[in-house]
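K.L.:
If you want the building blocks of each chain, they are given just below.
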Amino acid sequence: MKDNFSPLDLLALRADFPILSETVRGKPLVFLDSAASAQKPRAVIEAMRDAMEHQYANIHRGLHWMSERTTEAYENARDLTAILIGAPSRDEIVFTRNSTEAINLVAHSYGRGMMHRGQAVLISEMEHHANIVPWQMLRDAHGIELLVCPITDDGDLDYVAYERLLASHRVGLVAITHMSNVLGTYTNGARLAAIAHAHGAKILLDGSQAVVHRAVDVAALDADFYVFTGHKLYGPTGIGVLWARAELLDAMPPFMGGGDMIGSVSFERSTWARIPHKFEAGTPAILEAIGLAAAIRYVKAIGFDEIGAHEQALVDHALARLSDIEGLTIIGRAQDRGGVVSFTMRGAHAHDVATLLDRAGIAVRAGHHCAEPLMRRLGIDSTARASFALYTTKEEIDFLADTLLRVREFFA
Amino acid sequence: MKDNFSPLDLLALRADFPILSETVRGKPLVFLDSAASAQKPRAVIEAMRDAMEHQYANIHRGLHWMSERTTEAYENARDLTAILIGAPSRDEIVFTRNSTEAINLVAHSYGRGMMHRGQAVLISEMEHHANIVPWQMLRDAHGIELLVCPITDDGDLDYVAYERLLASHRVGLVAITHMSNVLGTYTNGARLAAIAHAHGAKILLDGSQAVVHRAVDVAALDADFYVFTGHKLYGPTGIGVLWARAELLDAMPPFMGGGDMIGSVSFERSTWARIPHKFEAGTPAILEAIGLAAAIRYVKAIGFDEIGAHEQALVDHALARLSDIEGLTIIGRAQDRGGVVSFTMRGAHAHDVATLLDRAGIAVRAGHHCAEPLMRRLGIDSTARASFALYTTKEEIDFLADTLLRVREFFA
Amino acid sequence: MFEDVADLYQQVILDRGRHPRHAHRLDRFDATGKGDNPMCGDRVQVWVKRDDAGAISDVGFEARGCAICIASADLMAEAVIGHDAPGLRALSDDFAQMVRSGQSASNAALEQLKPLGGVSDFPSRVKCATLPWQALMGALDAPDETEAAHG
Amino acid sequence: MFEDVADLYQQVILDRGRHPRHAHRLDRFDATGKGDNPMCGDRVQVWVKRDDAGAISDVGFEARGCAICIASADLMAEAVIGHDAPGLRALSDDFAQMVRSGQSASNAALEQLKPLGGVSDFPSRVKCATLPWQALMGALDAPDETEAAHG
Ligand SMILES: Cc1ncc(COP(=O)(O)O)c(C=O)c1O
Ligand SMILES: Cc1ncc(COP(=O)(O)O)c(C=O)c1O
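Chains as they are written, first to last, in my numbering: chain F, 2 to 413; chain V, 2 to 413; chain W, 16 to 166; chain A, 16 to 166.
The following block holds chain F by itself, in its conformation from the complex (with noise of 0.2 Å):
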């Protein structure tokens, strides 16, 4: 077993998530379900409380202290957001709720804004619920094709099929995951892109996970469009982010109607704000920015580079502990991965799994994971999914192996 984790000062760490020193039914919480949502650090939670303590007010609109403050801390988490991704400028930054909403304003202004019936987007078989079902939506309301490049055995892309698809059919939009949530597959963005582009097709990267484990450069992937939600990454709830290129944005009709995000309003005709303003209809997360803003501020003053470290060799030695465990499959074998481990049991049902798992205070997430397609494509109903943060530790991955050991004797 290698043992080469990264020299971050994991107790330091941890403790500045306070919530990993609760314990859940007595025992210490082993918290293994950050894919699904992270814990917040303490910076996070305090820079929430702090404005809503001593300097919050609506922005953009304010002429006194209070607004022109609160505006600058959301304006700085645009800025923060645009460094963190790389992107060429801040105003190609939109906040949305969520990863789901970011893809379904990209469908709804982009798809039936820009596309034409009988072109065709492009997903994967690997793809979450949220970048699937808003181009079914696209499809039936507006006549577009609907794609799926298959992946392979071992669970990557099948990058043969997707350059054929892209070359054989009219495709406008390719969507497709920056890592799989179940699979932990790392895409090659880049390629991806390339491809898409030689053919004359824009490309959609689903970031969700992919910006949790690793540097992202929107500008080297050279993509169109790029989304995360902020939860996942050390965030709150609430706020999500959608990044294209400008001309695209400029291009787009806006998705919603109301404060904000006009340029001049009469009942005849409204003109729209320029970018990104025109995308963010309404009263903003303020607060989930700033949130957002701390998270960012925590991930990069730790780096990216150790973050991915540490997370290859909790991957590495999660693959090996649990590959030891007989009557026990790994789902998805990608060569490059992030920090997600799907599995299933001989002759226990992975909610029966994840129902012990908790009763031994370790949290992981069971069933489909939002991805019932790629279940079908693998054959199987469900996985139970251990997945890992910057705070998670050897000895929590080798207190799930030593579990699910029990849990196997349980159900035998």
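Do not rely on the hints blindly, as some may be mistaken.
[To be verified] Lysine to aspartate or glutamate pairs mimicking DMTMM-like chemistry, simulated, CA-CA at most 20 Å apart:
{"no.": "1", "chain 1": "A", "residue 1": "K142", "chain 2": "A", "residue 2": "D108"}
{"no.": "2", "chain 1": "A", "residue 1": "K142", "chain 2": "F", "residue 2": "E76"}
{"no.": "3", "chain 1": "F", "residue 1": "K28", "chain 2": "W", "residue 2": "D19"}
{"no.": "4", "chain 1": "V", "residue 1": "K301", "chain 2": "V", "residue 2": "D17"}
{"no.": "5", "chain 1": "W", "residue 1": "K142", "chain 2": "V", "residue 2": "E69"}
{"no.": "6", "chain 1": "F", "residue 1": "K395", "chain 2": "F", "residue 2": "D10"}
{"no.": "7", "chain 1": "F", "residue 1": "K395", "chain 2": "F", "residue 2": "D306"}
{"no.": "8", "chain 1": "W", "residue 1": "K142", "chain 2": "W", "residue 2": "D42"}
{"no.": "9", "chain 1": "V", "residue 1": "K28", "chain 2": "A", "residue 2": "E93"}
{"no.": "10", "chain 1": "V", "residue 1": "K28", "chain 2": "A", "residue 2": "D136"}
{"no.": "11", "chain 1": "A", "residue 1": "K129", "chain 2": "A", "residue 2": "E93"}
{"no.": "12", "chain 1": "A", "residue 1": "K142", "chain 2": "F", "residue 2": "E73"}
{"no.": "13", "chain 1": "V", "residue 1": "K395", "chain 2": "V", "residue 2": "E307"}
{"no.": "14", "chain 1": "W", "residue 1": "K142", "chain 2": "V", "residue 2": "D92"}
{"no.": "15", "chain 1": "V", "residue 1": "K28", "chain 2": "A", "residue 2": "D156"}
{"no.": "16", "chain 1": "V", "residue 1": "K395", "chain 2": "V", "residue 2": "D17"}
{"no.": "17", "chain 1": "V", "residue 1": "K395", "chain 2": "V", "residue 2": "E23"}
{"no.": "18", "chain 1": "F", "residue 1": "K28", "chain 2": "W", "residue 2": "D136"}
{"no.": "19", "chain 1": "V", "residue 1": "K28", "chain 2": "F", "residue 2": "E69"}
{"no.": "20", "chain 1": "V", "residue 1": "K28", "chain 2": "A", "residue 2": "D22"}
{"no.": "21", "chain 1": "W", "residue 1": "K129", "chain 2": "W", "residue 2": "D109"}
{"no.": "22", "chain 1": "A", "residue 1": "K142", "chain 2": "F", "residue 2": "E69"}
{"no.": "23", "chain 1": "F", "residue 1": "K28", "chain 2": "V", "residue 2": "E69"}
{"no.": "24", "chain 1": "F", "residue 1": "K28", "chain 2": "W", "residue 2": "E18"}
{"no.": "25", "chain 1": "F", "residue 1": "K28", "chain 2": "V", "residue 2": "D17"}
{"no.": "26", "chain 1": "W", "residue 1": "K142", "chain 2": "V", "residue 2": "E76"}
{"no.": "27", "chain 1": "F", "residue 1": "K395", "chain 2": "F", "residue 2": "D17"}
{"no.": "28", "chain 1": "W", "residue 1": "K142", "chain 2": "V", "residue 2": "E73"}
{"no.": "29", "chain 1": "A", "residue 1": "K142", "chain 2": "A", "residue 2": "D22"}
{"no.": "30", "chain 1": "A", "residue 1": "K142", "chain 2": "F", "residue 2": "D92"}
{"no.": "31", "chain 1": "F", "residue 1": "K28", "chain 2": "W", "residue 2": "D22"}
{"no.": "32", "chain 1": "V", "residue 1": "K28", "chain 2": "F", "residue 2": "E54"}
{"no.": "33", "chain 1": "A", "residue 1": "K49", "chain 2": "A", "residue 2": "D156"}
{"no.": "34", "chain 1": "F", "residue 1": "K301", "chain 2": "F", "residue 2": "E76"}
I should point out that these hints are in silico values taken from the structure, not numbers from a laboratory.
Here the structure of chain F is known, so what remains is to put chains V, W and A with the ligands in place on it, guided by the hints.
P.N.:
Only chains V, W and A with the ligands this time, still in chain F's reference frame:
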């Protein structure tokens, strides 16, 4: 000058709002911009902090303790919201980002999904952009007519014109504010609903301002849709509410697609979850729902009778004091009004007034208040607006009036 | 280590979960119904046969789900024999109450379902236990199918 | 009481805000442009006339806005006389920098605009001062209108 201030223990209440003891530019904060967004009581701040520190995970899909408890807290917010507005069923409460999204949801889902070319939407001259622009977008995309009900010079809805418009057009949906954010006018929601229904139209009431000052009962109003926004009701940003009759929600197609809103997903076809989940795609604003629940508990504990009486006394006092200032014109003279007073000052633009007030520590809003068409109807460009909350004091209004006298001198 | 799940996973649940006795379609049936749990993807289909008086005479099911779900379906298939529609609805309600609250109404037929009472301590698993009942209620509400509809 | 706004509302600003000298359309003009502030509804339109060399010879404006906005437009109308397009762009940039940061580049034409320097302490008012310049830049970018287009 009347002095029928309610028996609220203001000193104790104000102590619940940490921000109220802040100074800005060395002067005590006098926050008269609550209609834009209210300040947050400690109960809200602590509820959110507490969740992040002790009890947090993603909801609905988790089989572990943290997820179960967080799901309960989230769904409890739905119960409290249903009770707050007298919704017949908790399943009729859909959480959105804000009022703006709630209205856009109705415009997309009910408007595009269930209204027909040639039908009309009837709004009023005193709507917020949030209740104008979505209907314009519906008009332009879907061939719906947009009708505008005039207001009287006092700033009341013109009920005669309202009935005439309903009688003479094929109005499918009325969408009117329950309280104007500029004029303070409460509309008679029950009367509007009765007339709308008599003409076969559904009615949406924009309660963004209305729910803050009075108890609202959607069943008593006999409304079809009701929307409001958490951050004006002392809750966090990032959460709003759509209430609609269950049979409408059942019949409406979903707005956004993704996780949590599906029945089952295959690439060919997906089915939708039951209401309210059908309309809540993706990870919702979990922490914000928890914050909103705390806000609702907080205002209910004080009681809307007390809050309403206190604010009524504040408005009466403000109208009396400001009317005494020469050159100052109060905009809006409706009989039934909530805690908002707009005014203009001869010889001074509202921005300049707001900047000077800010220097004295007083936060007011100045501009078109996201109601450009109303400004045009009133023949003005902008107003300054002082708005009141349960924590506002008579002394603050006196200070506003005294300071306005000095502002007038400054620009004389 | 898992002493405190003994209430949930009683021996009969484990046995029935592993070796259900009624996990098959009926060759001849009067009605069928489905239950879905969109949150986790579990699915149950139930087939029922009625006697001349309208009471249930046979039940079979197919389930994709956990031990709780399969055991619940299997115990249900036995508990409902001899009941007519009103009796079934009452039993279904009483069962739902038991698995939600841990409190059980005085309903003799509930006796054989008692092993599922422990679910009430596991809120996220309640749906696993009630899903077969949801499918059964669907069968009650469905128009009768001709027997030829099977297969 | 308002001592600390003296920087923002210098006497010349108050005077120009109240009694602007150039607040009118030009009867004859070569280009016009508009600026809008959607956040508050302020609006400025600017008309410019050029001499044969392409330098600005006259400027007029109509504004719906506050004292800062009107004073800024009025002072701009004087400061830009004699400048050609490149000079104007530089001046506009220098002005924007001054009102944002309080720091002013060494640009002689900026001298007459110095009274607006105090805006930099009031972030939400910066846009009031720059709106007329945005309208002017719009006029520079607009295709030349025929003089008959006025009225
Ligand atoms: C009457 C009215 N409607 C709608 C809104 C929009 O609320 P939000 O910005 O929270 O969506 C507001 C507040 O800005 C309002 O006052
Ligand atoms: C790959 C992927 N895409 C999209 C989502 C949706 O994120 P959210 O629910 O925050 O919108 C998730 C997480 O659930 C995910 O893992």
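K.L.:
Indicate, hint by hint, whether the structure satisfies it.
P.N.:
To see whether the hints hold, each was checked on the structure:
1. K142(A) with D108(A): holds, 14 Å
2. K142(A) with E76(F): Roughly 16 Å separates the two Cα atoms, so the pair holds.
3. K28(F) with D19(W): Distance of about 12 Å is within 20 Å: holds.
4. K301(V) with D17(V): holds, 15 Å
5. K142(W) with E69(V): holds, 13 Å
6. K395(F) with D10(F): holds, 13 Å
7. K395(F) with D306(F): Roughly 18 Å separates the two Cα atoms, so the pair holds.
8. K142(W) with D42(W): violated, 28 Å
9. K28(V) with E93(A): Measuring from Cα to Cα gives roughly 38 Å; hence the hint is violated.
10. K28(V) with D136(A): holds, 17 Å
11. K129(A) with E93(A): holds, 13 Å
12. K142(A) with E73(F): holds, 15 Å
13. K395(V) with E307(V): Holds: K395(V) and E307(V) sit about 15 Å apart, inside 20 Å.
14. K142(W) with D92(V): holds, 17 Å
15. K28(V) with D156(A): violated, 45 Å
16. K395(V) with D17(V): Given pair K395(V), D17(V) holds - Cα atoms ~18 Å apart, limit 20 Å.
17. K395(V) with E23(V): Holds: K395(V) and E23(V) sit about 19 Å apart, inside 20 Å.
18. K28(F) with D136(W): Status holds; Cα separation ~17 Å.
19. K28(V) with E69(F): Judged against 20 Å, a Cα distance of about 16 Å means the pair holds.
20. K28(V) with D22(A): Holds - the C-alpha atoms of D22(A) and K28(V) are around 19 Å apart, at most 20 Å.
21. K129(W) with D109(W): Holds: K129(W) and D109(W) sit about 11 Å apart, inside 20 Å.
22. K142(A) with E69(F): Holds. K142(A) to E69(F) sits at ~13 Å (cutoff 20 Å).
23. K28(F) with E69(V): Roughly 16 Å separates the two Cα atoms, so the pair holds.
24. K28(F) with E18(W): At roughly 14 Å apart (the allowed maximum being 20 Å), E18(W) and K28(F) satisfy the hint.
25. K28(F) with D17(V): Distance ~35 Å between K28(F) and D17(V) Cα, so the pair is violated.
26. K142(W) with E76(V): Since the Cα atoms of K142(W) and E76(V) sit roughly 16 Å apart, the hinted pair holds (cutoff 20 Å).
27. K395(F) with D17(F): holds, 18 Å
28. K142(W) with E73(V): Judged against 20 Å, a Cα distance of about 15 Å means the pair holds.
29. K142(A) with D22(A): holds, 17 Å
30. K142(A) with D92(F): Holds, because 17 Å separates the two Cα atoms, which is no more than 20 Å.
31. K28(F) with D22(W): holds, 19 Å
32. K28(V) with E54(F): holds, 17 Å
33. K49(A) with D156(A): holds, 11 Å
34. K301(F) with E76(F): holds, 18 Å
The structure shown violates the earlier hints numbered 8, 9, 15, 25.
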